[in-house]
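Engineer: Chains as they are written, first to last, in the working numbering: chain A, 1 to 359; chain B, 1 to 359; chain C, 1 to 359; chain D, 1 to 359.
Think of the hints as simulated: they come from the structure by calculation, not from any bench.
Warning: the hint list may mix true and false statements.
BS3-like, lysine-lysine: derived pairs with alpha carbons at most 27 Å apart [as the list claims (entries may be wrong)]:
#, chain 1, residue 1, chain 2, residue 2
1, D, K320, C, K276
2, C, K276, B, K86
3, B, K276, A, K97
4, B, K62, B, K73
5, A, K97, A, K86
6, A, K320, B, K276
The calculated label-pair distances, taken between Cβ atoms and stated as ranges, are [to be verified]:
#, chain 1, residue 1, chain 2, residue 2, range
7, B, K64, C, Q50, 24 to 34 Å
8, C, K62, B, E324, 28 to 38 Å
9, D, D98, C, R274, 10 to 20 Å
We put the beta carbon where it would ideally sit given N, CA and C, even for glycine.
Protein chains: 4
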Amino acid sequence: MNSFGRLYRFTSFGESHGPVIGGVIDGCPANIPIDIDFIQRQLDRRRPGQSDIVSARQENDKVKFLSGIFSGKSTGAPIAFIIENKDQRSEHYEHTKDLFRPSHGDYAYFMKYGENIDFRGSGRYSARETSARVVAGAVAQLVLQRFGISIKAYVSQVGDVKVSRPYTELDLDNVDDNPLRCPDGQVAQKMHELIQQIKNQGDTIGGTVTCIISNVPPGLGEPIYDKFSARLAYAIMSINAARGFEFGKGFAAARMRGSEHNDLFYLTDDGQVRTKTNFSGGIQAGITNGMDVYFNVAFKPVSTIFREQETLNRNLQTVKYTPEGRHDPCVVPRAVPIVEAMAAVTTLDFLLINRAYEL
Amino acid sequence: MNSFGRLYRFTSFGESHGPVIGGVIDGCPANIPIDIDFIQRQLDRRRPGQSDIVSARQENDKVKFLSGIFSGKSTGAPIAFIIENKDQRSEHYEHTKDLFRPSHGDYAYFMKYGENIDFRGSGRYSARETSARVVAGAVAQLVLQRFGISIKAYVSQVGDVKVSRPYTELDLDNVDDNPLRCPDGQVAQKMHELIQQIKNQGDTIGGTVTCIISNVPPGLGEPIYDKFSARLAYAIMSINAARGFEFGKGFAAARMRGSEHNDLFYLTDDGQVRTKTNFSGGIQAGITNGMDVYFNVAFKPVSTIFREQETLNRNLQTVKYTPEGRHDPCVVPRAVPIVEAMAAVTTLDFLLINRAYEL
Amino acid sequence: MNSFGRLYRFTSFGESHGPVIGGVIDGCPANIPIDIDFIQRQLDRRRPGQSDIVSARQENDKVKFLSGIFSGKSTGAPIAFIIENKDQRSEHYEHTKDLFRPSHGDYAYFMKYGENIDFRGSGRYSARETSARVVAGAVAQLVLQRFGISIKAYVSQVGDVKVSRPYTELDLDNVDDNPLRCPDGQVAQKMHELIQQIKNQGDTIGGTVTCIISNVPPGLGEPIYDKFSARLAYAIMSINAARGFEFGKGFAAARMRGSEHNDLFYLTDDGQVRTKTNFSGGIQAGITNGMDVYFNVAFKPVSTIFREQETLNRNLQTVKYTPEGRHDPCVVPRAVPIVEAMAAVTTLDFLLINRAYEL
Amino acid sequence: MNSFGRLYRFTSFGESHGPVIGGVIDGCPANIPIDIDFIQRQLDRRRPGQSDIVSARQENDKVKFLSGIFSGKSTGAPIAFIIENKDQRSEHYEHTKDLFRPSHGDYAYFMKYGENIDFRGSGRYSARETSARVVAGAVAQLVLQRFGISIKAYVSQVGDVKVSRPYTELDLDNVDDNPLRCPDGQVAQKMHELIQQIKNQGDTIGGTVTCIISNVPPGLGEPIYDKFSARLAYAIMSINAARGFEFGKGFAAARMRGSEHNDLFYLTDDGQVRTKTNFSGGIQAGITNGMDVYFNVAFKPVSTIFREQETLNRNLQTVKYTPEGRHDPCVVPRAVPIVEAMAAVTTLDFLLINRAYEL
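Put together the whole structure using the sequences plus the hints.
Structural biologist: What follows is the structure, encoded as structure tokens:
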């Protein structure tokens, strides 16, 4: 299934070294001004070549819309778009054609689809596909803005370097002030140093992204299987290299007592229902309660390391493998807009569904 | 959406204090012998009243099938079933009718659906709904057994008490030897003591469940959004009280280097492709690679604690609340069959889908 | 797929000679008063034993709701219901167990599912399943009433006996005045005579049902594949014995010229946009235009005739077959509430979807 | 919903006067040789400008594939494609911008989506969208060919001129011998004359297409709502201008007796189960029985007639309207490949689903 969502639904297509990556958004409400600059900015945050700690590939990733927009606004028809693939160097991959690179999808895809895989640049399972998600997510954000809902993500951990302060103590408007997309400047600096060191070793490193969805109305999410948290996990865990998802206190909740973890309701001075703590991450019984939704995603280290490794080829012979090409030592700074995108499409989908049932 | 799955799809219905909990399984292949004893055993593992550390409610939870089975085998028609609700004590809930109990779904449901919520025993958002999942999962397991696929879960953490050994060093056939469903007997004993202590304090505690899907064929999972890991996260995070999901090294991968994390392919003496480590948790690029799939789920502590708490009622007045009734101090031992069930339905769904595309 | 619909979605289960027929409605908005008498009346219109021209089976078909209703109103949770099967005489079917009865589903099901078919009374492919549709449709009608939308069907043809007047010249409140459910009393009388004659010959006869959906708001239907007409055709053609569907002028439009067929827009005295004719049947480019939606369904004659026929059995031997049991000489009078039901679920589904996208 | 299908699923996008019409096919099995010439031939059969009785617009409709094909074969990844729009004359539409053209979708779309409709050449609701269906259908046909399944459609009626012989007496290999796509040459000649006469009058005329799916294996279709006939009706009725669908004896079955209509099973000399007649159109109880599936579609006359008509504009003023541009006097010859396409995608979808459940 190369589609995601129920009422706000998008489909992506394209391979890393094919002519384009693209997508189709189905279910964007009509009459939404499509701010192409905003969409392009989100794409720019994802593309390689932004700084010295991400891949040096030069993909300028210009989105081109093919349908569904008229006079600068959505029409209700499907919004198709493409992003041309440039600066591909397929020759870097020719020698890996028959290899099962360690911890890549080569073997799993070979077993699923047989011989005719487009192996160039990891083909369909390349993270390049995520550029389509960013476009679909940015359009969703344009709709969500009408409802005052905003989505912000940042890098909260690289290797052992962590942001220790909770998001509520950070200035999320600073996320793009450094190439790490970490709003704590001092921590960002340490992360930067760590990644450079890792890169110099030809190695890679994992990390986490934290994301906050603010001003979500209460009542989003659909019992019993389409809990807001469940669909969010589905959306987020579909991102390349994602290995874990948690919301609210997440795995830390496993160590807590009910008397600590319970969020107590109270009334604000201006008559709003709020909870004193928000360990539930804005979701109770799977439904949003009006508090911030926040969650963490763990990303594994990139599999392409510049060292010789032993593996098998399609003939099941043991072979040596040393990659060529240009790869990220750490993906998390570039994952930030992707996480935002998947959070946006999930939130908008639930918003639309919820409106349907309100008589 | 009270349904889950694409080709193996089930729908659940019923409220905690309604006449029944039930479900409909659509897409069970024909001619599968339906081993009702096996299904009932899985249900028995979920029900309360099994030991001194779970709720004392006496629900005998007998499943009754209404359709789709003929001569003891599935016919291909939908398999409907009900489980009667007994030993309900709705009077325990009458006084909470208008309350938003802390960290329960009362407020979120009220905001979503309005006044006419069946509040008794948490109605639809009660964990009692999970008995329907267990039945649907047990039927899925009966199909998976034909393919040699087995699914085993166990309690890996309660509060700060953890199983430190990896699952590969445990005997998973021992899971039911103690009420904790923890295959490490010494750790189980400590967990047991912790829960009793917590229970005596009228408090509750969180925990984690670890689950292993063994003998999964390579090639399961559907790119790009229906990665095996993504649908598994969706399934698992739809379980009540789930707060986090991770597979393979999960959140620990965020601290690892590529050179540590990469799983190297090799050929076994009998010609099987395997990886030397399995930090990927059997899933690469979202597709199974033939190694064990394993994952962890974090559960928050139960919200019902036997202490006075302050909260709001439907009239937005601040009120005191002390629960009555019988509740679990820790849900994880009873969550084990539920986790297995959701893993089973996800695996079977992908198995069926994959068969469709193999020409 | 034993489910139908996107946002208003129902699932049916049960076999003709199993303990129950039942269903689950998912997506009924909350706070709808559930008028059980109305639902039961629709069921009563479908059941056999109503008159001398339908099957003499005595099924009293009492619906029993299991969930999703609290204080007489929907809660937003799934509404499950069962109808007990009574007066089954499975012995009538024992001798047909191994036969492929002509024009029944026996052979097709055998080829699809293998030996373990519940053959008794046609099992799953019995028209008894339609009682679940009638319940789901009646609940949908309760929601549609809030929007002033009404749905009325009637028998418009039996064999060669046809209602020649258009529906606009008939009094649809008279539909239930005769057992034919034909609002033209004189035509109804001729139909009645024809069916009695057919019945005396041990034969059966086909017919058509016409249905009108009134007061549909403009804008329902979802381009491009979910045209109102396309989903309506899908819903209607899923009814047992349906062989044709047409809306507006239908097949007659194939003989018309554009200059005859075009519906010209005009403004009514009270400022409403209407068309002078309604040959489009209220649907243009797949979307409702505010005029009545009307359509016809053709039903084939019942396959069970009380004559000896030659056929094959599961061993592919040629055998003689003469049915026993009680069967309808003509199904169309009983099909009326089923057609209304499928029209209702389709209309409500589109109504909900359309609301989702209106910002 | 601009997508159709479950396991073989396609999405279309694009407007009549936008840069492209395009689509994405998701779920094409891997390793299918993609015969682009075959696909292009089907497209050529749909395009205008083929003869003197269809629109003189010159759209050369070259399909360009963007993804999912490698070394000439499908990879299992989504197959995206575009067809550039050329020879558009948007100026023909400028004067109709604010008009509700009679029996077009202008008013219904305006009520659904508001002001920002791409009205040029009917935008999204132009029949130009069907070129995407033809591509998706042609790819499906390439897969179906592996299973020996073939799909052939022809024009069976234009106005009152009908093919009286059943399809079994026609040579369907002759369909493209005349511009009518009618395999009965004499009837084709009369149809041709009728259309020319209609065209000279500035008028249009309806017609029907008959389609045969041969060599369908028994067992396709999914009870209870996804009957083969129901999904086929859904697919076919989603085609622009379709007004009716019938299979087997269709509406004629309403006039038949069971003793006439029943198809009797027998064994062929080479041990095949067949029916003596095939009034069921190869579908019994919604499931294919191995006989030919055949069906008819009724198309209304094209709404654009070259005569002055009265209508309303967006300000609800009464105005005169006379179209410009180039339009078909009769769409049915060009509808033939579209009907084949929708039949192909439906059949393939069921074939894949059926394979999933065969253990």
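Engineer: Next, verify each hint and record whether it holds.
Structural biologist: We went through each hint and held it up to the structure:
no. : hint                       : verdict
1   : D:K320 / C:K276            : holds, 15 Å
2   : C:K276 / B:K86             : violated, 62 Å
3   : B:K276 / A:K97             : holds, 22 Å
4   : B:K62 / B:K73              : holds, 19 Å
5   : A:K97 / A:K86              : holds, 20 Å
6   : A:K320 / B:K276            : holds, 15 Å
7   : B:K64 / C:Q50: 24 to 34 Å  : holds, 32 Å
8   : C:K62 / B:E324: 28 to 38 Å : holds, 37 Å
9   : D:D98 / C:R274: 10 to 20 Å : holds, 19 Å
Going down the numbered hints, you'll see the structure goes against just number 2.
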